[in-house]
Amino acid sequence: MKCRNLQSLIQKYIDGETTSQQNRFIEAHLRSCPSCRLELSFWKEFEIYAKEEKVLPPSNFTQNILQKLEKVQAQEKYKEPIFLPALSLGWALILVAAIITSISLSASLIMKPRASVVTVRFKVSAPEASSVSVAGDFNDWDTCTHRLTREAGYWKTSIRLKPGRYHYMFIIDGEEWIPDPEANEYVDNGYGSINAVLDLKGT
Amino acid sequence: MTASSVQALTGASKEKPVDDIARFLKEKSSFTEEQINTLICRLREAEAENLPVSHLSNRIKEGVAKKREFSDILQVLDRKIAQFREARNLVEKFARKGMIIKEKQYSIHVLGELLEMGYPEDDFINLANIAILRKIKCEDILGMAKLQMELQRKEFPFSETREIITAAILKKMKPPSIKSILRLLRDAKIRGLDIEKVRKIVIEGIEKNNIQWIKNNINTLGSK
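Residue numbers (our numbering), protein chains in the order written: chain W, 10 to 212; chain G, 6 to 229.
These aren't lab readings, by the way, just hints derived from the structure by calculation.
Among these hints, one or two may not hold up.
Said to hold, decoys possible - Cut-off 20 Å, straight-line C-alpha distance, at most; resulting in silico cross-link-like pairs (SDA-like, lysine to any residue):
1) G:Lys107 to G:Arg84
2) G:Lys159 to W:Arg40
3) G:Lys71 to W:Asp197
4) G:Lys140 to G:Ser76
5) G:Lys142 to W:Leu209
6) W:Lys210 to G:Lys72
7) G:Lys159 to W:Lys210
8) W:Lys132 to W:Gln31
9) W:Lys210 to G:Gln110
10) G:Lys194 to W:Gly173
11) G:Lys21 to W:Gln31
12) G:Lys159 to W:Asp189
13) W:Lys210 to G:Pro181
14) G:Lys72 to W:Gly173
15) G:Lys107 to W:Ser125
Said to hold, decoys possible - Only some residues are given here: those of chain G computed to face chain W with a beta carbon under 7 Å:
16) Glu50
17) Lys66
18) Ala70
19) Glu121
Every residue gets a Cβ at the ideal spot worked out from N, C-alpha and C, and that includes glycine.
Let the sequences and hints guide you as you build the complete structure.
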């Protein structure tokens with residue numbers, strides 16, 4: 010595999026969307042190419058920024074959209090008068106809400122702000138495992154409530170969480186406890202290993 | 006998904022952490038009444054001292070889930086309480102000096118864990134003094150400390166990031182910008198440049214508030 014080929018697949022690889030055959034080629038290339046390792050590390054960090062960034066519309070967003078809609082209404086008046094009643098203030102507000110929703114969903118990538126709860130995606134590579142679950146401060150360390158499903162070489166699940174600081178670990182085949190290798194923070198758990206930490210408060 | 010797990014997910018349980026752990030231990034552990042009472046007593050003491058009790062109770066739950074002996078769990082609990090006391094003393098000391106703290110329990114929790122993982126107390130003191138000077142929140146400087154920890158894991162010892170982080174905080178830079186700058190330092194390391202010279206360029210560039218200036222000067226250094 011050449012560097013150029015890897016770069017076209019790098020985003021899919023980070024998102025766990027590459028096939029297991031592609032993963033083998035990518036990982037073999039990464040082992041021998043420091044420049045691509047650097048590239049991968051850059052994009053992984055970029056994903057972390059995206060996870061950390063909370064995108065909020067500017068305070069005058071609604072007002073600006075309404076003003077633009079009024080202009081559109083005025084222009085449309087001469088073209089399609091028949092549709093004018095449909096663009097009432099109520100519809101305009103629904104449209105604004107839809108636009109705001111689509112912005113927050115597309116910009117957050119992983120965390121989807123909805124009130125004070127965020128959706129967090131957990132992902133781990135465990136090709137040999139037959140089951141993977143996640144246990145942590147958010148589910149009383151219950152190893153059964155949140156099982157991950159296998160998708161394109163990765164095990165994944167999404168959990169809705171309130172802002173807070175959570176310790177967690179993955180459990181492979183019901184017995185092997187491992188910390189998330191991609192976490193930003195780790196803490197000694199006192200039980201002979203480290204926990205991954207997810208801080209949804211201090212980002 | 007059970008109702009109790011939904012509560013745990015959203016943190017919606019109205020039970021106090023101490024009552025919650027009492028119920029949890031009775032349902033999920035094989036500990037004797039006396040052992041349960043010992044753990045609860047520790048939590049009540051921590052609660053009276055305004056330490057992050059819900060985090061402490063999570064460590065108990067973790068121990069039970071991992072099928073640890075009562076003595077192991079008690080040991081972990083005592084160690085965590087001692088760490089949180091140390092963190093609380095530091096946080097309160099700087100609060101008295103005028104540091105802004107929005108969420109005291111959260112700050113104690115994060116600082117306690119940072120110190121436990123080897124974050125130097127002197128570095129926190131340095132950042133806290135800057136926070137007072139520049140009216141920066143405790144939670145924000147803890148974010149920088151976490152960033153320093155993360156970089157330390159990625160082969161940037163504290164000695165290499167300390168000065169840069171300090172300069173960046175004084176310029177009120179945000180963590181993503183600081184990360185971008187530190188990435189330049191890492192690239193320079195990979196290219197085998199003189200790190201001491203690169204660090205000086207980075208600090209001067211932060212002073213000038215000009216990342217492009219830093220990039221250009223590092224490139225010039227690399228072409229020599």
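_Those earlier numbered hints the structure runs against, lowest number first_ = 1, 4, 6, 7, 10, 11, 14, 16
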